[in-house]
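*Asks:* Those protein sequence lines, which keep their order, are chains A and B.
Residues 0 to 376 (numbering that gives the first Met the number 0) make up the first sequence, in order.
Residues 0 to 75 (numbering that gives the first Met the number 0) make up the second sequence, in order.
You may find that some hints are simply not true.
Which stretches of chain A does chain B cover? Using the computed rule of at least three CB atoms under 8 Å from a CB of chain B, they are [stated by the list, open to error]:
{"#": "1", "stretch": "188-194"}
{"#": "2", "stretch": "287-293"}
{"#": "3", "stretch": "310-321"}
{"#": "4", "stretch": "342-355"}
Taking lysine-lysine and the BS3-like style, the derived pairs with C-alpha atoms no more than 30 Å apart in a straight line are [claimed, not checked]:
{"#": "5", "chain 1": "A", "residue 1": "Lys-200", "chain 2": "B", "residue 2": "Lys-40"}
{"#": "6", "chain 1": "A", "residue 1": "Lys-220", "chain 2": "B", "residue 2": "Lys-51"}
{"#": "7", "chain 1": "B", "residue 1": "Lys-52", "chain 2": "A", "residue 2": "Lys-227"}
{"#": "8", "chain 1": "B", "residue 1": "Lys-52", "chain 2": "B", "residue 2": "Lys-3"}
{"#": "9", "chain 1": "A", "residue 1": "Lys-91", "chain 2": "A", "residue 2": "Lys-1"}
{"#": "10", "chain 1": "A", "residue 1": "Lys-256", "chain 2": "B", "residue 2": "Lys-72"}
{"#": "11", "chain 1": "B", "residue 1": "Lys-72", "chain 2": "B", "residue 2": "Lys-52"}
{"#": "12", "chain 1": "A", "residue 1": "Lys-361", "chain 2": "A", "residue 2": "Lys-63"}
{"#": "13", "chain 1": "A", "residue 1": "Lys-220", "chain 2": "A", "residue 2": "Lys-256"}
{"#": "14", "chain 1": "A", "residue 1": "Lys-256", "chain 2": "B", "residue 2": "Lys-25"}
FYI, nobody ran anything at the bench for these hints, they're computed from the structure.
Note that the Cβ used here is the ideal one computed from N, Cα and C, for glycine as well.
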Amino acid sequence: MKILIIGGGMGGTILANNLARRLTPELKSGKAKITMLTASEKHMYQPGLLYLAFGRVTPDELYKDQASLLEPGITLFVDPAEEFLLDQNQVKSKSGKTFDYDVLVIATGSRPVPELIPGLAEHGQSFYTEETAIKMFRALQAFQGGRVVIAMGVPHKCPMAPLEITFMLHDYFKDRGIRDKVQLHYTYPIGRVHSLENVAKWAAPEFDRLGITVETLFNLKEVDGNAKLLKSEEGTETPFDLLISVPAHRGMEVLEKNKLGAGGWIPTNRHQLNMEGRKNVFAIGDTTNIPISKAGSTAHFEAEVLGENIAAMIKLGAPVRDYDGKVFCFIEAGKDRATYAMFDYLNPPDPRPPTKAVHWFKTAYNKLYWISARGLL
Amino acid sequence: MAEKQVIDARGSFCPGPLMELIGWIKMAQIGDEMELLSTDKGSVADVPEWIKKVGHEYQGAREEAGVWHIAVKKLK
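Same shape as in the complex, but just chain A (with noise of 0.2 Å):
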């Protein structure tokens, strides 16, 4: 049994420890062999850019070396997958390599595409790579004074980086001493301040506390850098001396040239987590079209669920679980305070007020992330 799992990233890493764990026997006897293709050495902790664009931490502590942190009998290339025959069972690697399957699993992720809105790129600062990261925290270095404005796009991944930026630039400003200089505005997609009911009606009067100005059905348009304006879908503007932005994500570009889903979201069964219409291809994580959280924890529940399905799969002939939706979201309310939310397909969050406790659970979980990719927590 060939698995091949395309992306080294959080879902695809925990998956293919989860799997080399389960078939230990199986790898050893030669009767099952785990391969993944990715396009870095690197593996990134993402969450961890929140941070840097603050100084909180500093890039080197972001990254470990892919290689180190997979099990002994995954082999492992670092030679992205470039075309997809899903119906000969291969995958084409741009060095041309070709992997013959019996499983694949998609795991590409999603990333931001600045470029969708017109003056975004060159007029807003953002925090979803390390270049703009690190931009960003050069800029709030920079910065005096003014009028701070948060908007985004959609879909985004980390659906509680909108919130969680704008309680760390409250508790910034503070810290400067020029909290009073200066004006934040959020801006959201629909009529409240978050997708999740409960987490909009705790943030909402949070923000009225804190003096931070809301406005919602705002979806960014474009980026009026000379003017200084944000321009929405629904007609509205808003002036910015400092635009802070959560850009509009895609799946991976290969994904779309090989015809795998529109926008590069492959469309996926939520439970049991197959493609749609293939039965030996899966998607896990940011890349599927499910209509959940594009979040860590999301692709690293999927991963434990395909991990014991695909074993399953091999050991009994079937699989034996469905993944219920089931997220767990850190929600960081300022410098030193959080909370979280955690759902699934039938059950809604319901988060408590912030604690200081939780703040440090997420501080330690940002070192404790490296035992979670090896599979371990």
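Starting from the known structure of chain A, arrange chain B on it as the hints suggest.
*Replies:* Structure of chain B alone, referenced to chain A:
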């Protein structure tokens, strides 16, 4: 005419049915019709509110076994 795209947002708390629709309608062509499936009763109010504000066409909603089927058309 393109087949009507069905956006199955049943059981979606985050990003939720309206955010799902906003993401997909951005990728659609002008003139495309879409049907959003939602188990969130709030969608019946918030989807037409947004659709009309942006200037697309709201084509109506119906409920079937606890699922709301909300039809829209991209106009711009």
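*Asks:* All hints, please: hold or fail.
*Replies:* Taking the hints in turn, this is what the structure says about them:
1. 188-194: holds (count 4)
2. 287-293: It holds: at least three residues are needed, and the stretch 287-293 of chain A offers 3 whose Cβ sits within less than 8 Å of chain B.
3. 310-321: violated (count 0)
4. 342-355: holds (count 5)
5. A:Lys-200 - B:Lys-40: holds (17 Å)
6. A:Lys-220 - B:Lys-51: holds (16 Å)
7. B:Lys-52 - A:Lys-227: Measuring from Cα to Cα gives roughly 23 Å; hence the hint holds.
8. B:Lys-52 - B:Lys-3: holds (22 Å)
9. A:Lys-91 - A:Lys-1: holds (15 Å)
10. A:Lys-256 - B:Lys-72: holds (27 Å)
11. B:Lys-72 - B:Lys-52: holds (14 Å)
12. A:Lys-361 - A:Lys-63: holds (19 Å)
13. A:Lys-220 - A:Lys-256: Cα-Cα ~26 Å, so holds.
14. A:Lys-256 - B:Lys-25: Holds - the C-alpha atoms of Lys-25 (chain B) and Lys-256 (chain A) are around 19 Å apart, at most 30 Å.
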